[in-house]
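Enquirer: In case you want the letters, here they are:
There are 2 protein chains.
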Amino acid sequence: MKQVLTRKKNQALLALSELLVENEQELLAQNARDVENARQRGVKDALVDRLALTSPRIRDMGASCRHIMALKDPVGEVFDSFVREDGLRIEKIRVPIGAIGIIYESRPNVTVDATILALKTGNAVLLRGGSDALYSNLALANLVKRSLQQAELPASAVEIIEDPDRELVGEMLRQRGVLDLVIPRGSSSLISRVVEQSQVPVLETGVGVCHIFVDESAQLQKSIRVVDNAKTQRPGTCNTLETLLVHAAIAPRFLPALKRALDEKNVELRGCPRTLDILDIAPATEQDWDTEYLDLVLSIRIVDSVDEAIDHVQRHSTSHSDSILSENYRNIQLFLQRVDSAAVYVNASTRFTDGGEFGFGAEMGISTQRLHARGPVGLRELTTYKYLVHGDYHVR
Amino acid sequence: MKQVLTRKKNQALLALSELLVENEQELLAQNARDVENARQRGVKDALVDRLALTSPRIRDMGASCRHIMALKDPVGEVFDSFVREDGLRIEKIRVPIGAIGIIYESRPNVTVDATILALKTGNAVLLRGGSDALYSNLALANLVKRSLQQAELPASAVEIIEDPDRELVGEMLRQRGVLDLVIPRGSSSLISRVVEQSQVPVLETGVGVCHIFVDESAQLQKSIRVVDNAKTQRPGTCNTLETLLVHAAIAPRFLPALKRALDEKNVELRGCPRTLDILDIAPATEQDWDTEYLDLVLSIRIVDSVDEAIDHVQRHSTSHSDSILSENYRNIQLFLQRVDSAAVYVNASTRFTDGGEFGFGAEMGISTQRLHARGPVGLRELTTYKYLVHGDYHVR
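Chains as they are written, first to last, in my numbering: chain B, 10 to 405; chain W, 10 to 405.
If you are wondering where the hints come from, they were derived from the structure by calculation, not from laboratory data.
It is possible that part of the hints are untrue.
Identical chains share a label here; the pair holds if one copy fits it or two copies do between them.
[What the hints assert, rightly or not] Listed below are the simulated EDC-like cross-link pairs for lysine to aspartate or glutamate, each with C-alpha atoms no more than 20 Å apart in a straight line: (1) Lys231 <-> Asp95; (2) Lys101 <-> Asp89; (3) Lys101 <-> Glu366; (4) Lys101 <-> Asp363; (5) Lys231 <-> Asp401; (6) Lys231 <-> Glu171.
The model shown is predicted, which means the values in this text are computed figures rather than measured ones.
Given only the sequences and the hints, what does the whole structure look like? Please build it.
Expert: See below:
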């Protein structure tokens, strides 16, 4: 593997941002074929909307290219080193993972967004997009290839699979030793299928059933603002709050005030039996505690202690993002230690679990698995490392 | 997950080291049943030897316990942190991976060695040892459980599967969400089977076809010492040299001197056609370049340049450990950059790729995969991380 100069990678990103704008008409024409096909097959409007390209969406993809261009290249960074007593010097240096397969569903912007993150980190990419978006994806991948050629990089660093019948996905997942990593992006059923079938290591970006526990000592007005933000700022995202746990001692004062705030945002509330004693809302079923609504719905449960709150989180959290609002040092420490999610918050909205908010500049998704990377998967998480060992004819 | 105090984990390790010695007779008796069964089934002597426990081997296991006890516990270490402009403070803290399945073959010492590394890092362990060693493994696991109880830790942190017919291995590999990691230890066929079948992430510790390239500018006498060490110091290990690449300009002087040194150690040499012009040895076949001998055999190939050497390594290396011996700055840089193995050496023996030699204190094996961990898998590599985020009612 020959290391690709950062300058060349950035040159390709700049070229792509220009090619996207220059070829807008062609992209829109190819996308129109996909949209027409989808309509004829009776695909729902919401899904057709995810599939559709527009001038602003194409401009956004170009902006992403220039944004990734400006980020620091993590490849080549020596991030740890030690010298043995005999003088042997050992360094750990970041290198690309290798060849990454990306399996995704209808949104064609993933073709650009995921590819440029992988390319910036020196990885080769094999794309398998949704059959719905085939013409759009082929047109976009063609522009990526042209941008690589303009930077004198091998166009073969990006390949797209034409696979209308899903036959090749299985083949792709058997490419152990050829592909180093597969990243599924899309529905939880897609992710499960990839995890179950793949012989190639998988980076799982999963669902978020996120919690906030409002402790007895929490500041009321500020807590309402945090809960409101976590639920309503962008309800369709994986780091959105789905279940609120409230300490029994504060519930009679907190919940009515919270309801007034959330009513203004049209949030539907569902409560445990004790919540129903305080609020006139629908009851929550057992299923609610395990549901990622991705919508303006919030389930509420009253608990008697931080231990009960932690217990609920441990049972129902998808280990994405969970938060405690409290002024009590001991309860905060317990929550931080015993809740084992990718991101555990004190006095903050769960909405911060995001590559951009964490300062990574961009992200491939939020990992809810435990190996390699947890939380936002940015450029650094798309690299691995090797050891460089410098000796003077050292023997053991 | 409640964090286990380091003191308690060390208490269990100390207890285990004592229990092993106190229960030597019982361990030897149980092991004798396994050995007798193996002999009756006609198992080869070499394999019976791997299976057999002896007083010194039991003492070695006890010593391992005390050794791991003395190592620093990586769990709880905050190893990165950053503060956003709005004051939100984000920390990365090491946590246990969770529940680790270990699938291994006949050597019963793995029952102790692998388990104590996993326990020291706060992980739970599910063991599936070879059916050959069932009675030995049950006796050893029983002692591990007793040591946990003595430290008032849950004995259920270690469980062993009795599975004489291998039926439960498949079941184990389907425990996605229950097991967080599976580590296969043993033959390459065992490892392949686990990788192919597992829905649980796998940490692959693979084979080592390791190379040394002796460049034109290398110091001759010192290079002979390094090659000798890499080949003969312990030929059965995965970081042992298997193929030597020699620059054509130095070969006529280097190879005869090397042969004299290796003849004294009874190393069998096999050469490419150009090597046979210089040395009176057997020819190497195409298969030799991809063979991990794990024995006193060395294949030799003459190359005309560092590029040709790198090309050979890229084709045949298993990405474990590869070394260049050279005084030429440019060639060294090329080799370091373009050889993408877990450990890439300059002027040193490949034998240093080892958790002990790297200062990790111990290791679970040498990872030849690219995700999560490469090279020696020590305590730190048996952990993952989570983010702790400290706010003051921050909203996005």
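Enquirer: Confirm or reject each hint.
Expert: Against the structure, the hints:
| no. | hint | in the structure |
| --- | --- | --- |
| 1 | Lys231 <-> Asp95 | between (58 Å within a copy, 16 Å between copies) |
| 2 | Lys101 <-> Asp89 | both (5 Å within a copy, 16 Å between copies) |
| 3 | Lys101 <-> Glu366 | between (27 Å within a copy, 15 Å between copies) |
| 4 | Lys101 <-> Asp363 | between (27 Å within a copy, 15 Å between copies) |
| 5 | Lys231 <-> Asp401 | between (62 Å within a copy, 9 Å between copies) |
| 6 | Lys231 <-> Glu171 | neither (51 Å within a copy, 55 Å between copies) |
Checked against the numbered hints above, the structure breaks only hint 6 and satisfies the rest.
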